[in-house]
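Chain residues, written in single-letter form:
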Amino acid sequence: MPEHETAGQHGSPAREVGDFLRRRREQVAQRWADTPLFRTVFTVSRDEAVEAGKAVIEALAAVASAGRVEDTEADGFTVVREQLTRTAAARSRAGAGSAQVSNEVDALRPPVVDLLVADLSQSSAEHVRECATAATVLMGTLRLVVMESALNEGRALIDRQRMELLETATPVIKLWDGIVAVPLIGTLDSARSQVVMETLLESVVDQHARFAILDITGVPTVDSLVAQHLMKTVAAARLMGAECIVSGIRPAIAQTIVHLGLDLGTVVTRASLADALAYALDQQGSGIVDPVSRGAVAR
Amino acid sequence: MQTVGCVDARLPIHSDMDLVWVRQHVRQTAAQLGFGLVEQTKLVTAASELARNTLVHGGGGEVEATVLRNGHAPGLRLAFIDEGPGIADLERALSDGYTSGDGLGMGLGGARRLVHEFAVDSSPGNGTTVTVTSWTVRPPRHREEH
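Same order as they appear, the protein sequences are chains R and L. The first sequence finishes on residue 298 if you use numbering that gives the first Met the number 0, and the numbering steps up by one all the way, no holes. The second sequence finishes on residue 145 if you use numbering that gives the first Met the number 0, and the numbering steps up by one all the way, no holes.
Bear in mind the hints are in silico, worked out from the structure with no lab data behind them. Please note that the accuracy of each hint is not assured.
[Claimed, not checked] Estimated spans, in silico, between C-beta atoms of each pair:
id, chain 1, residue 1, chain 2, residue 2, range
1, L, Thr-135, R, Gly-264, 28 to 36 Å
2, L, Arg-91, R, Thr-216, 50 to 58 Å
3, L, Ala-8, R, Ala-54, 24 to 32 Å
4, L, Val-136, R, Trp-175, 40 to 48 Å
Glycine included, each C-beta is placed from N, C-alpha and C at the ideal position.
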């Protein structure tokens with residue numbers, strides 16, 4: 000092979016690695032296709048794995064040729080970043096931990112270094128060592144890029160889910176003509192209670208509701224801030240002509256509220272949502288008739 | 000005769016998300032130690048109040064959780080530590096309805112009523128440490144007047 004003789008005589012180790020990767024793209028990709036990382040992600044066909052491997056090798060070659068083997072922000076990575084993220088995401092969905100994914104990426108290194116050393120058998124030991132080091136550093140950088148992409152993906156997912164939670168956690172349900180209910184679930188922080196108040200007040204207008212039931216069965220902790228949010232919501236609804244009923248107060252929560260010294264005396268409270276509905280119906284003057292006890296036809 | 004264990008957990012308090020962590024950790028630990036549902040809820044609520052004080056008034060800090068054994072029953076000690084401005088008038092801060100922020104002013108005094116033992120170490124400029132302890136079985140001699 001005359002080409003690798005010339006390549007071995009000049010150029011930095013990083014460039015040399017870049018040239019090697021381009022030259023041996025096919026062989027490296029074939030070997031990668033058998034590693035756990037590629038085998039488990041590209042289960043449909045081996046060709047797919049080889050193609051994906053080639054794209055990554057192409058990117059690594061570009062990074063090496065630019066002499067930026069240690070730079071995770073190197074331009075070369077941009078092209079494959081999405082692919083790497085998807086690969087890492089697929090592995091973690093399959094139950095692999097970060098350490099395992101990291102090790103699987105590391106398993107891509109030996110094939111590269113072995114082939115490189117074999118290719119440079121004619122060069123001086125010093126040169127081989129330098130090139131092997133450059134390749135190792137480059138593969139370490141790839142590992143970092145994969146882990147970084149996976150982490151960023153995770154963070155983006157969490158942000159998206161937090162936004163979704165804000166949106167979906169507060170459905171306002173129409174229980175009866177003029178009666179709406181909001182089942183509150185989870186932690187009532189300032190942002191969420193603001194959303195609750197807004198959606199509740201809007202539905203009071205839309206549904207011409209005279210009664211609004213706030214059910215806190217799904218709220219694990221009622222501290223003074225949560226109580227303050229509740230009371231503000233109750234006061235705002237009252238200004239719009241709707242009476243608020245807080246339901247779903249569990250025994251432990253009730254005792255805690257008393258010890259905490261919170262005064263919910265101005266708020267109508269009921270133990271369960273059913274009690275709250277019965278109270279609201281009663282106040283409205285409508286009631287539910289039990290057909291069995293009346294012995295009559297249903298309603 | 001109570002043996003003080005080493006600190007079992009140290010959680011940061013720097014954001015609203017951290018408050019959720021603190022509550023969950025306290026709830027889990029209390030449940031594992033055998034706290035009843037009411038005592039669990041009281042301790043978690045106290046932790047929520049105090050952690051929020053650490054965040055809002057102390058500018059963030061951390062909580063140290065220690066499991067205690069006093070011979071017959073396990074207990075949980077929580078120390079909320081910040082390096083904020085400190086509390087100038089402790090008597091007033093503990094009184095219901097007094098607030099330096101826009102809260103209800105029930106946090107500190109309310110938390111004191113929710114736990115078995117309560118101590119504040121604070122002086123202006125030196126930060127604040129609030130230490131609370133609850134036992135799964137309330138020791139009669141430790142009873143506080145309300």
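Evaluated hints:
1. L/Thr-135 to R/Gly-264: 28 to 36 Å: 32 Å, holds
2. L/Arg-91 to R/Thr-216: 50 to 58 Å: 37 Å, violated
3. L/Ala-8 to R/Ala-54: 24 to 32 Å: Roughly 45 Å apart at Cβ, these two residues miss the hinted range, so it is violated.
4. L/Val-136 to R/Trp-175: 40 to 48 Å: 47 Å, holds
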